[in-house]
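K.L.:
If you're matching positions, the sequence shown starts at 0 in numbering that gives the first Met the number 0 and goes up one per residue.
For the record, the hints were derived by calculation from the structure and aren't laboratory data.
Hints may be right or wrong, so weigh each one.
[What the hints assert, rightly or not] With a straight-line Cα cutoff of 27 Å, these simulated BS3-like cross-link-like pairs (lysine-lysine) come out: (1) K300 with K371; (2) K425 with K90; (3) K49 with K90; (4) K206 with K371; (5) K134 with K157; (6) K206 with K300; (7) K206 with K157; (8) K20 with K49; (9) K300 with K134; (10) K157 with K425; (11) K308 with K90; (12) K90 with K157; (13) K157 with K49.
[Unchecked claim] Label-pair ranges, simulated between beta-carbon atoms: (14) A137 with R244: 36 to 46 Å; (15) F366 with D47: 38 to 48 Å; (16) E376 with E185: 39 to 49 Å; (17) D252 with D70: 30 to 40 Å.
Ideal Cβ positions, reconstructed from N, Cα and C, are used throughout, including at glycine.
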Amino acid sequence: MQRAYERRDVEIKGPGPSSDKHLFAKIARAALGMGNLRDGGYVVIGIDDKRQTAMLPGLTEVDLASWLNYDNVADGLARFSDPPLRFDVAKRSLSSGAEVALLRVEEFEDVPHLCTRDSGLDTTRRGALYIRSRKSPATTEIALSSELRDILSLSTQKALRDFVQTAGRAGLTVSERQAGADSYLERLDRAWDRPGRDVEVIRSVDKVRSRGHWEIHVRPAVFEPDRVPYRELEETLTSAAVRLRGWPMPFIDYGRDMLRGTDWIGNDIDEPPTGRYETWRFLTDGEFAQLTAVAADWGHKFVGGEVPKGFASVVTVVETVFLMTEVYELAARLALGAAGADPMRVEVRLHNLAGRALIPGQVGRTFMLPYKAPQGESVGQVGVYPRDELVGSASALAVSACEDFFARFGWQPNRWEIEAVQNQLKQA
């Protein structure tokens, strides 16, 4: 909110009680748009548009209580949507001191949500299909063929993933054979280290690499230089982006100019308040690569509070499981689009291990002793997966990758322990 503009998966609405019919209709419209967005989104209730950067005024105690009455809000939203929206609502206290209601709307399950109610005042229209526009972060009716294609593509991919999972349980596969040479590294090096006006880009990459960071690669196992037409790069990645928590993967910052090379696009993100430093590239050969700083190495607070005695920094179980889950979900989505092939290669690696401890990063949980990072500069997991396995079992593959990663620190939990952390992300 401090950026003074909304994101595609976040819409801000002013203060008032849930009994305010006009306000409720506006929030229902926003919720419908979020429900038709991949991974859903958030509606923040209680912040005036003109005071967004100040994050004010917030909700009164009485108004907040009206929005936290789940049954009443669910009944009201059900009057606007078919099928019904899936959502949660919670109170959030902002750094400005304001208290708001946060409506977290889930992506539609099988078919998109249609509006079922005319509310007047040009707020909602019966029969309308509301979406979050790509042109600007606003909830609008579908007006362009490209917007309709987004919805149809999402519905088709959901049905395809269901089919692949069902086929897998029946012992069937839907894979294809591919062959070719691998020249990814040379192209990616050029994308990271462009000359000329991109000195700032190089500094951004070097900044992330200067401390602990995650290195992520998702790509087809077989190299094809022009697998994704250049004009389709942004659309392909945007459609695959994973929004399971407040910070998506990748974070495509529409408030800044997209970085562009001859065969790639990218963003460099520098967010000191949240400890978010990352840079990503997406290439026409289908490779997605991202460097993400370990937030704790930049002074960002983490659950547990302190670095264990005798260590220089930490990596948390929660951070690792969340990241692995997002990476494998992104890989599954890319596998179904223009950047996909059979098989797909996924690599997640943590760099700068010296003096690093593994800690839970969960409220109420500690290790008797912290687990020490292995010897070496980096530790990671690399896997090559048939497309049908990746698409049908992304979450399970992420858990397996976590098991292998944690074992290198000397921690070998039960598989269900990792799955429990993963479920926290899915239910966030």
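K.L.:
The structure should be examined with respect to each hint, and the outcome stated for every one.
P.N.:
Status of each hint after checking the structure:
no.: 1; hint: K300 with K371; verdict: holds, 20 Å
no.: 2; hint: K425 with K90; verdict: holds, 19 Å
no.: 3; hint: K49 with K90; verdict: holds, 22 Å
no.: 4; hint: K206 with K371; verdict: holds, 25 Å
no.: 5; hint: K134 with K157; verdict: holds, 24 Å
no.: 6; hint: K206 with K300; verdict: holds, 19 Å
no.: 7; hint: K206 with K157; verdict: violated, 38 Å
no.: 8; hint: K20 with K49; verdict: holds, 22 Å
no.: 9; hint: K300 with K134; verdict: violated, 35 Å
no.: 10; hint: K157 with K425; verdict: holds, 16 Å
no.: 11; hint: K308 with K90; verdict: violated, 36 Å
no.: 12; hint: K90 with K157; verdict: violated, 31 Å
no.: 13; hint: K157 with K49; verdict: violated, 38 Å
no.: 14; hint: A137 with R244: 36 to 46 Å; verdict: violated, 23 Å
no.: 15; hint: F366 with D47: 38 to 48 Å; verdict: holds, 45 Å
no.: 16; hint: E376 with E185: 39 to 49 Å; verdict: violated, 22 Å
no.: 17; hint: D252 with D70: 30 to 40 Å; verdict: holds, 38 Å
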